[in-house]
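Q: Sequence:
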Amino acid sequence: MAARNVSAPELHARARSIFAALGLPESDADVTADHLVEADLRGHASHGVIRIPTYITAIRAGQINPRPSIRIVRDEGGQCVVDGDRAIGQLAAFRANEIAIARGLEHGMAGVALRNSTHAGAMAYYPIRAIAHGLIGWAATNAGINMTPTGGTKKLVGNNPFAMAVPTNREWPMVLDMATSVVAGGKLDVARSKGESIPLGWARDAEGRPTTDPLAARAGSLEPVGGPKGYGMALMLDVLAGVLSGGRFGGGLGGPGSAQFFWTIDVTRYMPLPDFKARMDEMVDQIHASPLAPGVDRVYVPGEIEWLSQSRRLREGIPMEESVLASLDAVERELKV
51 MAARNVSAPE
61 LHARARSIFA
71 ALGLPESDAD
81 VTADHLVEAD
91 LRGHASHGVI
101 RIPTYITAIR
111 AGQINPRPSI
121 RIVRDEGGQC
131 VVDGDRAIGQ
141 LAAFRANEIA
151 IARGLEHGMA
161 GVALRNSTHA
171 GAMAYYPIRA
181 IAHGLIGWAA
191 TNAGINMTPT
201 GGTKKLVGNN
211 PFAMAVPTNR
221 EWPMVLDMAT
231 SVVAGGKLDV
241 ARSKGESIPL
251 GWARDAEGRP
261 TTDPLAARAG
271 SLEPVGGPKG
281 YGMALMLDVL
291 AGVLSGGRFG
301 GGLGGPGSAQ
311 FFWTIDVTRY
321 MPLPDFKARM
331 DEMVDQIHAS
341 PLAPGVDRVY
351 VPGEIEWLSQ
361 SRRLREGIPM
371 EESVLASLDA
381 VERELKV
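Residue 51 is where the sequence shown starts when you use our numbering, and the numbers rise one by one after that.
Honestly, the hints are just simulated from the structure, not real lab data. Bear in mind the structure is a predicted one, so any value in this text is a computation, not a measurement. Fair warning: there could be bad hints in the mix.
Here are the simulated SDA-like cross-link-like pairs (lysine to any residue), alpha carbons at most 25 Å apart as the crow flies [to be verified]: (1) 386 x 107; (2) 244 x 282; (3) 279 x 327; (4) 204 x 301; (5) 244 x 359; (6) 327 x 339; (7) 204 x 282; (8) 279 x 248; (9) 386 x 376; (10) 204 x 289; (11) 244 x 260; (12) 205 x 277; (13) 327 x 155; (14) 386 x 104; (15) 244 x 107; (16) 205 x 278; (17) 327 x 152; (18) 244 x 355; (19) 244 x 158.
Sequences and hints are given; from them, build the entire structure.
A: Quick look at the structure:
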């Protein structure tokens with residue numbers, strides 16, 4: 051399907067205007083748009099502006115609150131519980147992550163649990179903000195149930211993603227962002243928007259058969275990464291995001307509701323930040339110096355490919371499928387923005 055490049059500022063302005071027209075305050079619309087466009091810049095279209103129609107549906111159904119009162123409901127210093135008041139997840143998670151950053155700097159380490167939230171987008175967005183403060187950042191979310199437990203036939207587990215970002219001296223941090231399924235569920239939507247099939251091994255249909263049809267996969271279940279290991283990771287991440295926060299978890303997740311957990315570590319409580327960054331650079335150099343397998347021209351560390359994508363797309367624009375742009379056009383006409 052055809053695609054054309056759109057500049058990041060243009061895409062951001064369009065997304066911000068849409069969210070403002072839906073009732074979000076300007077600052078909240080700006081945060082949400084920034085998150086979605088950064089996902090597109092980093093090459094993760096599954097968590098970019100393609101999500102906007104889904105969020106519109108949830109706002110109109112009363113599942114997402116466009117003007118929430120996000121607040122701390124339990125404060126123990128370095129540990130907090132935040133209620134998101136059904137805010138759009140990118141906003142609720144941004145606010146909780148800001149608390150984790152501030153408390154991490156104050157206490158050396160902080161864990162902030164967020165409940166009553168909604169889909170919070172690409173997890174890397176949050177720990178990347180922590181590294182600007184000399185912190186190691188970590189974030190996790192639970193997701194709507196879309197995987198079966200190993201050996202089971204009923205969907206009871208989400209493909210709960212997590213991300214971690216670590217500061218370095220380079221232009222880019224080391225960032226790991228992954229779902230606990232073979233691929234994120236949004237990849238199915240991207241394939242569908244392009245009219246493409248999906249590879250075998252990504253998902254099963256409703257009868258439990260391996261499928262290459264993204265629509266059948268949405269009706270079925272995702273495959274956990276590493277089989278029982280991915281299932282086990284997903285379950286433990288839901289302990290932090292869902293159980294510990296007092297929010298919804300496991301089979302109790304339905305609709306847009308979800309919960310998140312944010313963890314920050316102040317590097318300077320262990321060693322001077324320049325020393326840590328130098329050691330990180332040494333680690334990266336070791337990986338880059340690895341002998342190459344046949345047919346491979348470079349070894350990357352986590353987050354490097356996304357940084358290269360972001361740098362290129364900031365210069366050249368973000369390739370957007372015409373079907374996605376057409377859906378934005380339709381939304382803008384309806385909202386008169």
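Q: Now look at each hint and say whether the structure bears it out.
A: Okay, the hints, checked on the actual structure:
no.	hint	result
1	386 x 107	holds (17 Å)
2	244 x 282	violated (32 Å)
3	279 x 327	violated (31 Å)
4	204 x 301	holds (10 Å)
5	244 x 359	holds (20 Å)
6	327 x 339	holds (18 Å)
7	204 x 282	holds (16 Å)
8	279 x 248	holds (23 Å)
9	386 x 376	holds (15 Å)
10	204 x 289	holds (19 Å)
11	244 x 260	holds (21 Å)
12	205 x 277	holds (15 Å)
13	327 x 155	holds (17 Å)
14	386 x 104	holds (19 Å)
15	244 x 107	holds (22 Å)
16	205 x 278	holds (14 Å)
17	327 x 152	holds (21 Å)
18	244 x 355	holds (22 Å)
19	244 x 158	violated (46 Å)
Violated hints for the displayed structure, listed by number in ascending order: 2, 3 and 19.
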